[in-house]
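Given these sequences and hints, build the entire structure.
Protein chains in written order, with the working numbering: chain A, -9 to 194; chain B, 671 to 830.
Some hints here could point you the wrong way.
Said to hold, decoys possible - Calculated cross-link-like contacts (lysine to aspartate or glutamate; reagent style EDC-like; alpha-carbon spacing at most 20 Å):
#1 A/143 <-> A/167
#2 B/729 <-> A/141
#3 B/827 <-> A/67
#4 B/730 <-> A/154
#5 B/822 <-> A/141
#6 A/166 <-> B/725
#7 B/760 <-> B/774
#8 A/72 <-> B/810
#9 B/729 <-> A/154
#10 B/768 <-> B/728
#11 B/815 <-> B/752
#12 B/768 <-> B/725
#13 A/30 <-> B/722
#14 A/30 <-> B/810
#15 B/815 <-> A/24
#16 A/30 <-> B/812
#17 B/726 <-> A/155
#18 A/72 <-> A/24
#19 A/170 <-> B/774
#20 B/715 <-> A/24
#21 A/30 <-> B/725
#22 A/158 <-> B/774
#23 B/827 <-> A/154
Rather than coming from a laboratory, the hints here were simulated on the basis of the structure.
Here the structure is a predicted model, which is why all the values come from computation and not from measurement.
Each chain is listed here by its residues.
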Amino acid sequence: MARRSAPEVNAGSMADIAFLLLIFFLVTTTIETDSGINRKLPPIQDEQDPPPLKERNIFIVLINSNGDLLVEDEPMDLKNLKQAAVQFLDNGGGTGDEACNYCRGAKDPSSSDNPVKAVISLQNNRLTKYSDYIAVQNELVAAYNELRNREAKRLYGVTFTEMEEAFKSESYTGDKDKLKERIGVIKDMYPQKLSEAEPKRTSS
Amino acid sequence: MSKFKKKKSGDLPAISTASLPDIVFMLLFFFMVVTVMRDTSIKVKNTLPYADQVEKLEKKDLIMYIYAGEPSDRYQSVAGTEARIQLNDKFASLRDIKQFVFEERQNAREELRQAMIAGLKVDKETNMGLVSDIKTELREAEALKITYITRKGEALKNIE
Chain A
-9 MARRSAPEVN AGSMADIAFL LLIFFLVTTT IETDSGINRK LPPIQDEQDP PPLKERNIFI
51 VLINSNGDLL VEDEPMDLKN LKQAAVQFLD NGGGTGDEAC NYCRGAKDPS SSDNPVKAVI
111 SLQNNRLTKY SDYIAVQNEL VAAYNELRNR EAKRLYGVTF TEMEEAFKSE SYTGDKDKLK
171 ERIGVIKDMY PQKLSEAEPK RTSS
Chain B
671 MSKFKKKKSG DLPAISTASL PDIVFMLLFF FMVVTVMRDT SIKVKNTLPY ADQVEKLEKK
731 DLIMYIYAGE PSDRYQSVAG TEARIQLNDK FASLRDIKQF VFEERQNARE ELRQAMIAGL
791 KVDKETNMGL VSDIKTELRE AEALKITYIT RKGEALKNIE
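In structure tokens form, the structure reads like this:
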């Protein structure tokens, strides 16, 4: 008798099964990572008097329920907000101890003394739309980033955003401690002081 | 009859598909590894606003997602048309946020608890009143790191 060889298993349908699984995972995959504006909320503390701030060191941005801006008592378009915030932060009008030796602003005595002292106060009411609020937040962060980038470029030859990205990435080969220190220096030059008041209940 | 027949030269041999499963499996494993299953179905309208000064959120397991917005059309008959908060899979009220933060902290690894970030996915039509209520709750729950999750785009796109 001729020896019969074992019949070969038909593997033709294996591809079909694998395709089915593949399509399933393709559909359920979300590769994109979320990105957002990071903020730190102030901790709840006991009632205490806020530290005294000079009027000229506060930059008030009001958003009403229609998304209109009132910046330092004057209506303003969103696209001018960044420039106005940069001008305010970079003013450096202080003298003596409060002088700012890296500011390039107009040194207007009626505007902020020093970026370290300058506070941006963002106020909105309960009917303000979230998208308007985010747009304003974004412009204010952009103002800070512009100034930080400028100083980082001057001191270290790279922009602040590049430094932060390098600090986060795992493949960065340089000295991370040094990088952290440099980021800290820049952050101290232009600290993000964004104060948010509780929204007002009445619509203005 | 001779055992050695000359092959006919005319027809082409069929292309072997034996390696096709291998290729497909390779792709399959790739997608299996990179897949993050969506564990929540979003029940609120969730069109995020635009921003361009954003930072990437690297570690997904550290983020507590809080959704807010109008309920989607499907759920409006049960949940109404007023903007609502969604935690995990269900609609929630403001009071549930503290409990939610607490539970998320419990689930996280001990050394990571301080690094937890609350990710706010809020529909762009929502009023700030709700958002600040959420923020107040988060402050009371001592979850102070928050991030407003946005889409990439110029801020001016928000006003249209």
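Handout entry: Holds or violated: residue 30 of chain A to residue 722 of chain B, with C-alpha atoms at most 20 Å apart
Key = 19 Å, holds
Practice task
Measure nothing beyond the straight line between the CA atoms of residue 760 of chain B and residue 774 of chain B; if it is 20 Å or shorter, mark the hint as holding.
Solution key: 15 Å, holds
Practice task
Assess, step by step, whether the Cα of residue 729 of chain B is no farther than 20 Å from the Cα of residue 141 of chain A, and give holds or violated.
Solution key: Not OK: residue 729 of chain B and residue 141 of chain A at ~30 Å, beyond 20 Å, violated.
Exercise for the section: Take a quick look at whether residue 730 of chain B and residue 154 of chain A sit within 20 Å of each other, Cα to Cα. Expected result: 19 Å, holds
Practice task
Verify the proposed pairing of residue 815 of chain B with residue 752 of chain B, using a straight-line Cα cut of 20 Å.
Solution key: 27 Å, violated
Handout entry: Satisfaction of hint between residue 725 of chain B and residue 30 of chain A, Cα-Cα up to 20 Å
Key = Answer holds: residue 30 of chain A to residue 725 of chain B is near 14 Å, not above 20 Å.
Practice task
Quickly compare the C-alpha distance for residue 729 of chain B and residue 154 of chain A to 20 Å and report which way the hint goes.
Solution key: 16 Å, holds
Exercise for the section: Take a quick look at whether residue 158 of chain A and residue 774 of chain B sit within 20 Å of each other, Cα to Cα. Expected result: Violated. Residue 158 of chain A to residue 774 of chain B sits at ~24 Å, over the 20 Å cutoff.
Handout entry: Given pair status - residue 24 of chain A, residue 715 of chain B, alpha carbons within 20 Å
Key = 17 Å, holds
Exercise for the section: Please work out if residue 72 of chain A and residue 810 of chain B have their alpha carbons no farther apart than 20 Å. Expected result: At roughly 32 Å apart (the allowed maximum being 20 Å), residue 810 of chain B and residue 72 of chain A break the hint.
Practice task
Mind checking the alpha carbons of residue 822 of chain B and residue 141 of chain A for me, to see if they're no more than 20 Å apart?
Solution key: Judged against 20 Å, a Cα distance of about 26 Å means the pair is violated.
Practice task
Starting from residue 72 of chain A, check that the Cα of residue 24 of chain A is at most 20 Å away, please.
Solution key: With a Cα-Cα distance of about 25 Å, the restraint between residue 72 of chain A and residue 24 of chain A is violated, given a limit of 20 Å.
Of the numbered hints given earlier, the model fails hints 2, 5, 8, 10, 11, 12, 18, 19, 22, 23; all others are met.
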